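Participant: Produce the entire structure from the sequences given, and follow the hints as far as they go.
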Amino acid sequence: MENIVATESLSKKYGKKYVVKNLNMNVPKGSIYGFLGPNGAGKSTTMKMLLGLARQTQGDIRIFGVPVREENRMKILKNTGSLIESPAHYGHLTGRENLEIICTLKGVPKTEIEPVLRTVRMEKQQDKKVKNYSLGMKQRLGLASALLGHPRLLLLDEPTNGLDPAGIQEMRELICSLPDRFGMTVLVSSHLLSEIDQMATHVGIIHQGELLFEGGLADLHRHSRLRLKVRTTDDERAFRVLKGADIPVRYDRESGRLLLDSEEDACVLRSVRLLAEHDIGLLRLEELQVSLEDIFLKLTGKKVSL
Amino acid sequence: MRTKQRLFWAEQKKMKRRFVWLVPIGFAALLMLWSMANIRNFTDADRAFGYAYLFYSYCVMNAIFMPVMLAVVASRLCDMEIKGNTWKLLYTMEKPGSFYDIKFFFECRYLVCFTAAETLGILLFGKLFGFTEPVQAGRFLLHFLAITAVGAVLLGIQHLLSLMSDNQIIPLLVGIAGGFLGLFSMYFPRIVNQLVIWGYFSIFSVAAVDWEKTANGGMALYYVDFPEVQFAVFLLAGAGLYLAERWIYLRKEV
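Which chain is which? The protein sequence lines are E and D, in order.
Counted the way my numbering counts, the first sequence spans residues 1 to 306.
Counted the way my numbering counts, the second sequence spans residues 1 to 254.
Certain hints may be false.
[Claimed, not checked] Simulated coverage check for chain D against chain E, where a stretch passes if three residues somewhere in it have a Cβ under 8 Å from a Cβ of chain E:
id : region
1  : 6-14
2  : 57-65
3  : 219-228
[Stated by the list, open to error] Heads up, simulated DMTMM-like pairs for lysine to aspartate or glutamate below, C-alpha to C-alpha not over 25 Å straight-line:
id : chain 1 : residue 1 : chain 2 : residue 2
4  : E       : Lys-128   : D       : Glu-228
5  : E       : Lys-129   : D       : Asp-210
6  : D       : Lys-83    : E       : Glu-263
[As the list claims (entries may be wrong)] Here are a few chain E residues that sit away from chain D, every Cβ distance over 12 Å (derived from the structure):
id : residue
7  : Leu-77
8  : Lys-138
9  : Pro-248
10 : Gly-256
11 : Leu-258
12 : Asp-265
13 : Ala-276
To be clear, the hints were calculated from the coordinates, so they are not data collected in a lab.
All values reported here derive from a predicted model rather than from experimental measurement.
Think of the CB as a built atom: it goes at the ideal place given N, C-alpha and C, for glycine as much as any other residue.
Facilitator: Pasting the structure below:
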């Protein structure tokens, strides 16, 4: 699959500290790539480097298959739209006047303003001064600015930050509709797993500047398979018996958890029989779903808050 | 539309409802009212060197007021970018260096209008109040060029400070402090005067006061030979300073 964005060993160092380290990111064409990580993981810095707003310490960036250099940066960025951190605006001007400035700078006809205002549902507020907008309206105006000129790539950094639940839902629906309606590729960052889970087709998980996981959302979901927690009269002996019979089982001595890494009926039946044959009493058999959150916490370390 | 044209029109659109023209108009009106209060009482003897008087008094008033005016102008134009957090969006559409230059160009428009109004104001007062001193077009031109050049160098400093400061009170305080420093430096020996950039209005003034004769009663004014070489060096140093300021600004990541 063609990658719209690809980075190789991308790194950014502030002083002696790496904020982004050896990042190899691949954003497939037409995807909604969820860039997930806790606050301070390096998401915004990565996005700024992609846009040329921050200089990388080392590594290469390719956008639309073209290596990004200072000489061709503006040409490449003509086909991108972005909303990085808080939305940019001129408070003394109306929403429409703000978009007119973007049109002038992008060299886009003003006739594009109406459709993007419709897309973000801002037609009625377009003549109001932006300083009187709510945060949600400013975010939508920011998205409208990014959509001007029909960019092939859209970079959205935490676009739902500060929005109320209804605003989050609306923004999410809007983002999800972009690849189908306009054929765009969307790179969206968030620190909220549930948000990415509802929007993205592909996921990249970053923590302390390093990419811990990259793949389709379906791949990530595959990790969240069902497991069985087994409680017996003698868990240690039960582990040895089941392991000896080649049953996929794990025993965590610290927590005292005996886990059966299979949900197949045949495997469960065989395990129960084996335990009975060895006079080990089965006390409890409990279904344990490993959620995406568990996977995320496992990848990023348990001390990291979401 | 070419890139430079696009940047120009975008900047022009940003100026809507900012009322920046009121700043140079207000300061120019203040200067003219001040000088008018003095000219009203001119005797025939005073009218014989009326232009020289205005060239000199405006150079003193420029030292006080122009740094403040430039600080306000730069702040009005740069503050909207800081308040609106627009850098990250703008730099995906225009080069930071182009942004820096076009903003400075727009600020210079207000400076040039102010200096032109001041120079034409001197001529206008001469006609209105019947100055008997002959009009020397060269002196007017030199006055205009000198105050515009010194103003542009000061504006460069204010421009950088306004773009780098989240709080616009800092550049404003620098402007006010610079004005006072420039005024005081005028009354120190020339070598000290030359060390203070805000004091260059007097160094390139086309008229000066003979303090010895003035002490004996009445204000003795005379025209000085314009220091062309020093002015050329000042222009070069000013251009160098602008490039250095630009370099400092471009190092800043958004």
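Participant: Each hint should be assessed against the structure and marked as holding or not.
Facilitator: A quick look at each hint next to the structure:
Under a criterion of three residues with beta carbons nearer than 8 Å to beta carbons of chain E, the stated coverage of the region 6-14 of chain D is upheld, 6 such residues being counted. Coverage of the region 57-65 of chain D by chain E is violated in this model, with 0 residues showing a Cβ closer than 8 Å to a Cβ of that chain against a need of three. Residues of the region 219-228 of chain D lying with their CB closer than 8 Å to a CB of chain E number 0, which falls below the three-residue condition for coverage. Taking the CA atoms of Lys-128 of chain E and Glu-228 of chain D, the gap is near 54 Å; set against the 25 Å cutoff, the hint is violated.
About 57 Å separates the Cα atoms of Lys-129 of chain E and Asp-210 of chain D, which puts this hinted pair outside 25 Å; it is violated. Our distance criterion of 25 Å between C-alpha atoms is broken by Lys-83 of chain D and Glu-263 of chain E, whose separation comes to about 57 Å. The beta carbon of Leu-77 of chain E sits about 5 Å from the closest Cβ of chain D, which is not more than 12 Å, so the claim that it is off the interface is violated. With a least beta-carbon separation of about 10 Å from chain D, Lys-138 of chain E fails to lie farther than 12 Å from that chain, contradicting its non-interface assignment.
For Pro-248 of chain E, the requirement that its beta carbon stay farther than 12 Å from each beta carbon of chain D is met, with the minimum near 49 Å. The claim that Gly-256 of chain E lies off the interface holds: its Cβ sits roughly 51 Å from the closest Cβ of chain D, which is beyond the 12 Å cut-off. Leu-258 of chain E, annotated as away from the interface, keeps every beta carbon of chain D farther than 12 Å; the closest lies near 52 Å. Look at Asp-265 of chain E: its CB is around 55 Å from the nearest CB on chain D, clear of 12 Å, so calling it non-interface holds up.
For Ala-276 of chain E, the non-interface assignment is confirmed: its Cβ lies about 65 Å from the closest Cβ of chain D, beyond the 12 Å cut-off.
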